[in-house]
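Protein chains: 4
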Amino acid sequence: MLSFESDYIMGAHPQLLKRLSETNMQPQPGYGNDEYCMSAAEKIRKACGLNKADIYFISGGTQTNQLVIDSMLRSYEGVLAAETGHVNGHEAGAIEYSGHKVLTLPQYEGKVRAEDVDRYINDFFSDENHSHMVFPGMVYISHPTEYGTIYSLSELEKLSHVCRKHHIPLFLDGARLGYALAAEESDLTLKDIARLCDVFYIGGTKVGALCGEALIFTQNKPENFITMIKQHGALLAKGRLLGVQFDTLFTDNLYFKISENAIEKAQKLKNIFENHGISFHIKSPTNQQFIILDNEFMKRLAEKVRFSFWEKKDEKSTVVRFATSWATTDKELQQLEAILNDMK
Amino acid sequence: MLSFESDYIMGAHPQLLKRLSETNMQPQPGYGNDEYCMSAAEKIRKACGLNKADIYFISGGTQTNQLVIDSMLRSYEGVLAAETGHVNGHEAGAIEYSGHKVLTLPQYEGKVRAEDVDRYINDFFSDENHSHMVFPGMVYISHPTEYGTIYSLSELEKLSHVCRKHHIPLFLDGARLGYALAAEESDLTLKDIARLCDVFYIGGTKVGALCGEALIFTQNKPENFITMIKQHGALLAKGRLLGVQFDTLFTDNLYFKISENAIEKAQKLKNIFENHGISFHIKSPTNQQFIILDNEFMKRLAEKVRFSFWEKKDEKSTVVRFATSWATTDKELQQLEAILNDMK
Amino acid sequence: MLSFESDYIMGAHPQLLKRLSETNMQPQPGYGNDEYCMSAAEKIRKACGLNKADIYFISGGTQTNQLVIDSMLRSYEGVLAAETGHVNGHEAGAIEYSGHKVLTLPQYEGKVRAEDVDRYINDFFSDENHSHMVFPGMVYISHPTEYGTIYSLSELEKLSHVCRKHHIPLFLDGARLGYALAAEESDLTLKDIARLCDVFYIGGTKVGALCGEALIFTQNKPENFITMIKQHGALLAKGRLLGVQFDTLFTDNLYFKISENAIEKAQKLKNIFENHGISFHIKSPTNQQFIILDNEFMKRLAEKVRFSFWEKKDEKSTVVRFATSWATTDKELQQLEAILNDMK
Amino acid sequence: MLSFESDYIMGAHPQLLKRLSETNMQPQPGYGNDEYCMSAAEKIRKACGLNKADIYFISGGTQTNQLVIDSMLRSYEGVLAAETGHVNGHEAGAIEYSGHKVLTLPQYEGKVRAEDVDRYINDFFSDENHSHMVFPGMVYISHPTEYGTIYSLSELEKLSHVCRKHHIPLFLDGARLGYALAAEESDLTLKDIARLCDVFYIGGTKVGALCGEALIFTQNKPENFITMIKQHGALLAKGRLLGVQFDTLFTDNLYFKISENAIEKAQKLKNIFENHGISFHIKSPTNQQFIILDNEFMKRLAEKVRFSFWEKKDEKSTVVRFATSWATTDKELQQLEAILNDMK
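Protein chains in written order, with the working numbering: chain A, 1 to 344; chain B, 1 to 344; chain C, 1 to 344; chain D, 1 to 344.
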């Protein structure tokens with residue numbers, strides 16, 4: 001069935017599978033010590049404008065979030081995040097499982113504001129009883145956010161400034177980073193992110209890979225990080241699976257090109273919805289579009305195309321998500337349009 | 001360079017890559033709800049002679065060990081394992097990270113004896129102070145063991161009997177299960193294992209897959225196990241990556257056929273070593289061969305072929321491991337033989 | 001200096017110290033197996049109207065909260081609590097340290113509403129993605145709350161009803177339970193609480209003891225709870241220290257009598273503040289009184305009497321807490337009044 | 001009944017109860033900020049010959065062990081301990097609960113040898129695969145050991161030297177430290193211990209206090225340690241309970257005097273056993289005596305005096321423990337002698 005359910009419904013970009021096949025019978029050392037992990041890391045450092053960053057490839061986003069937070073925080077520190085942040089609501093307690101509290105901040109279309117971070121930390125340390133409370137030890141943001149919105153250069157600079165002022169790392173979850181960078185409204189580059197964040201990851205799973213996220217420590221990495229990956233059960237024996245994929249994604253700008261496809265298709269998708277008088281829950285410049293459907297209409301539509309439930313809007317209507325991706329085609333958009341026309 | 005370093009130096013069996021390519025552009029739901037995970041699970045149930053077992057696909061062995069132990073034990077219970085068990089020494093504390101102690105038993109060529117399990121549990125509960133101690137809550141065995149040795153049907157029956165007598169689950173780590181089943185000395189079938197163990201896994205990473213282990217709960221699975229996988233950071237968005245691979249491995253007996261290749265090549269490898277007067281640290285019927293090399297000779301050999309350091313034998317000699325796999329060829333063995341001949 | 005800083009600034013009620021001295025040189029078994037723990041448990045069961053409840057004595061409140069939550073929840077479950085609940089903000093992450101998330105609910109003068117619990121759980125299970133989220137596994141309330149407010153019988157009945165409907169335990173943190181029961185506005189008895197909650201504790205530390213909380217499982221206790229106490233590092237060798245104190249507190253209604261003193265003195269304290277035109281942040285019927293002070297006045301007052309900072313009210317004023325206790329005397333209140341008169 | 005069951009069967013030394021009563025109605029700040037904690041810490045620093053050590057009072061030994069190990073180790077580090085160490089076998093997994101593995105070393109009458117520590121660490125770092133293993137991050141010893149034996153000055157110097165060479169802390173569990181220092185064979189002083197260990201504690205629970213251990217960081221303490229105590233649920237509101245007791249124990253050498261009583265009585269106890277032809281399992285110079293009893297005789301004796309089961313010796317006999325303490329009297333020893341005479 002036609003599906004806009006998520007950006008991970010397809011396999012991998014064919015170029016990645018091709019390279020996996022071509023390199024398949026070369027013996028390579030395990031655990032990320034293969035030549036493709038090395039090469040991919042070097043290409044990513046270059047794309048980020050970094051000379052020395054430590055780069056690791058991890059199989060998925062929740063795993064990466066848990067690892068970063070657990071390895072960079074002291075045991076009594078928590079992570080500041082928007083109440084809508086992925087680490088707060090949709091990771092089944094993976095952060096708490098590793099012993100850390102998620103300290104929530106107000107969200108504005110999914111985003112965190114620098115002034116809220118500053119106030120939280122100032123209030124915390126001016127509270128006489130703060131030694132009985134969880135210390136704020138890191139700021140987590142997602143870019144794009146869970147609502148598809150993006151930070152501007154100025155917003156990220158402010159967040160970075162506040163974090164550095166308070167000596168805590170700024171961590172950017174880039175599970176869909178390609179789509180944020182490709183957004184027309186974006187004035188942020190990968191190099192800006194590398195310069196302003198202390199740690200971030202470039203998402204592969206949702207941007208053309210079978211699995212995998214490239215984790216970049218722009219400043220200091222935690223000591224013995226490989227051991228921490230292993231301890232979390234997250235160290236793949238065949239690290240080449242991730243290395244080959246990221247090496248391909250960062251060859252000839254493939255990562256950026258395929259991200260652009262998702263944005264172009266999202267724009268067309270928005271036009272289709274607008275033309276059919278469907279309203280938006282939020283203005284998203286990236287590949288996730290959140291629309292409001294009448295419950296009756298939603299049920300009928302769900303018989304013909306797949307999409308995701310997001311949240312109840314009110315008694316009569318529901319917010320649902322349609323996602324484009326690197327793989328979305330014009331043909332799929334035409335099919336959706338035909339379905340909507342038929343339902344009029 | 002010629003390499004017998006491990007059984008995970010190559011990519012995947014080409015048939016798996018082919019199927020990944022063929023199914024690549026089919027939209028599939030995420031998180032293991034795709035049709036390939038379903039189909040693979042059904043084929044595995046059939047191969048195991050089980051009607052109802054719950055089956056999950058996890059990306060790697062340490063992750064699987066941590067998940068099984070953490071989800072099946074109460075917080076104050078530990079897992080009984082051989083002191084040489086993988087969970088005790090080579091998982092960077094992944095079990096303790098999840099809060100559980102590994103309770104060690106003596107090992108006999110890497111194996112655990114039923115009578116030691118029985119004695120441990122009897123002694124534990126007869127100790128007046130046992131409420132101040134970690135309860136034995138599960139038995140972990142690896143098959144083949146870390147030394148390549150295998151349990152006989154009779155040994156596994158005894159272990160199963162003891163575990164059921166004491167109402168604790170028997171967990172078999174089958175990271176290299178194919179190689180154990182294919183061993184000539186083996187009188188154990190997959191159906192025996194499914195009948196005698198409460199939980200076990202069929203290793204993919206070391207037996208032809210890019211990554212992935214098929215985890216089988218033969219009795220009761222922990223409630224909401226998907227949530228526990230997510231909480232551990234171990235839930236792949238594109239579950240199809242594992243589903244397609246295991247569906248292929250369990251089509252036309254591919255898993256068993258490629259396992260046999262490793263055993264056949266290991267036999268030839270043993271012959272080569274014997275012919276060159278090299279002695280064995282242990283008699284292994286599977287794909288891992290542990291030989292004793294004079295340190296000087298070892299250094300020279302290491303310039304021409306890759307293998308793994310295992311442990312110091314004494315001041316002058318070292319135990320090293322040579323591993324064959326589904327991918328090992330006769331040509332590679334001939335190359336090794338030529339190298340050894342040259343070094344005489 | 002005169003102090004209303006908290007209800008734990010004094011030692012113990014003299015009767016408790018007397019009994020500790022009288023029983024001091026009797027040999028007693030350790031770890032809660034002494035005759036005083038047994039006797040205290042029996043007296044508490046009687047006071048609660050329970051025949052069979054399991055009762056344990058734990059050294060402090062945070063320890064007890066952590067133990068109850070960790071022992072009664074599955075690893076992927078969290079605890080529902082008011083955002084102002086002690087477990088959420090003032091236990092330095094003790095709940096997350098044991099792996100569990102605190103799932104916050106709106107608070108109404110520190111209290112949780114049954115309808116909010118019901119809605120949370122219904123929404124949770126109707127969310128298609130709930131397997132990726134932390135399951136609500138328990139409701140935590142404090143009585144009196146962190147703001148000194150108390151639940152009515154009707155409110156507690158509704159909470160109990162909702163919890164039982166959804167098959168999750170209701171846990172009442174009674175660190176200051178005596179003061180709630182003694183409040184004039186209270187229509188709840190200890191027997192009501194024992195009937196309506198699945199687990200709760202009767203606070204000793206803040207109600208006349210040197211340390212200790214009596215933890216009561218009214219329904220089923222977790223298996224091997226002693227082992228869990230030990231595992232948490234919370235098992236006192238000399239359990240008699242807690243047993244003797246609670247045995248004394250529950251002899252001749254001492255616990256209730258000394259609680260009444262705190263309430264009587266709190267009423268007088270309120271009158272003094274009212275007479276001096278000081279306004280209240282919240283209407284509290286128990287021993288903690290939250291008043292609003294002009295910052296300048298607050299500084300001057302702090303030179304003459306101790307109280308606790310609570311929170312910033314606005315730029316010019318602050319909420320502070322004055323606490324009475326079992327030990328507060330009329331003389332102390334007269335001193336306070338004199339100080340306030342002097343400052344006019 | 002006459003009891004030599006343990007050194008925690010009695011309450012507290014009467015002098016401690018007296019001081020608790022005398023100071024009872026003085027208002028004191030909570031959480032260890034009272035004047036008695038301050039004063040006790042100063043007296044302990046002086047007794048230790050330390051100028052600046054950070055000192056904390058914790059309610060019990062397992063709690064202290066868990067806190068020290070968890071706060072000083074990185075998450076992927078474990079603690080080296082004798083296989084008979086308390087942290088390994090008798091703390092219900094408290095160390096693993098906090099995420100750390102106990103790495104066992106051979107024991108020699110309960111003691112660890114410096115050369116074994118050195119070899120373990122050297123072997124660890126020379127193992128090519130050590131990044132997949134738990135790092136040795138600390139050495140734990142108990143003094144006296146679980147078998148009542150003590151380290152000599154020379155042994156402790158060697159351990160300290162090895163630890164400092166490898167840059168890991170040496171942690172001494174002094175739950176019964178007074179009895180070790182008072183032993184006639186001892187050539188170690190408290191100042192030696194403070195000079196040679198990085199962290200250690202002076203046990204109160206088993207040496208005259210109702211509860212409490214004085215924890216001393218001789219070098220650097222972990223940052224925000226109070227928050228870690230709170231997070232572990234271990235911060236007593238009325239820290240004065242521990243402060244007053246330790247202040248009293250370290251006034252007029254009381255701690256040392258009462259420890260001497262235990263040793264003097266243990267010597268008489270040994271004589272009694274020797275005179276009755278009862279043999280010893282181990283030669284213990286401190287207050288715990290381990291004797292071997294014929295099972296039949298043991299049962300008869302248990303009807304008249306309490307002692308502790310230790311371990312099975314063989315089919316016919318059992319090792320049991322008799323403990324003296326600060327409270328043991330000559331009269332009790334005479335009663336024991338009379339019982340043994342009667343049983344001849």
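For the record, the hints were derived by calculation from the structure and aren't laboratory data. Bear in mind that the values here come from a model prediction, so they are computed numbers and not experimental data. The reader is advised that the hints may include incorrect statements.
To be verified - Derived DEER-like restraints, expressed as beta-carbon distance ranges:
hint: 1; chain 1: A; residue 1: Asn253; chain 2: B; residue 2: Arg74; range: 47 to 57 Å
hint: 2; chain 1: D; residue 1: His167; chain 2: C; residue 2: Asp252; range: 37 to 47 Å
hint: 3; chain 1: A; residue 1: Lys191; chain 2: D; residue 2: His130; range: 33 to 43 Å
No residue lacks a Cβ here, since even glycine has one placed at the ideal position from N, Cα and C.
Hints versus structure:
no. : hint                              : in the structure
1   : Asn253/A <-> Arg74/B: 47 to 57 Å  : holds (52 Å)
2   : His167/D <-> Asp252/C: 37 to 47 Å : violated (60 Å)
3   : Lys191/A <-> His130/D: 33 to 43 Å : holds (36 Å)
In the structure shown, a violation is registered for the earlier hint numbered 2 alone.
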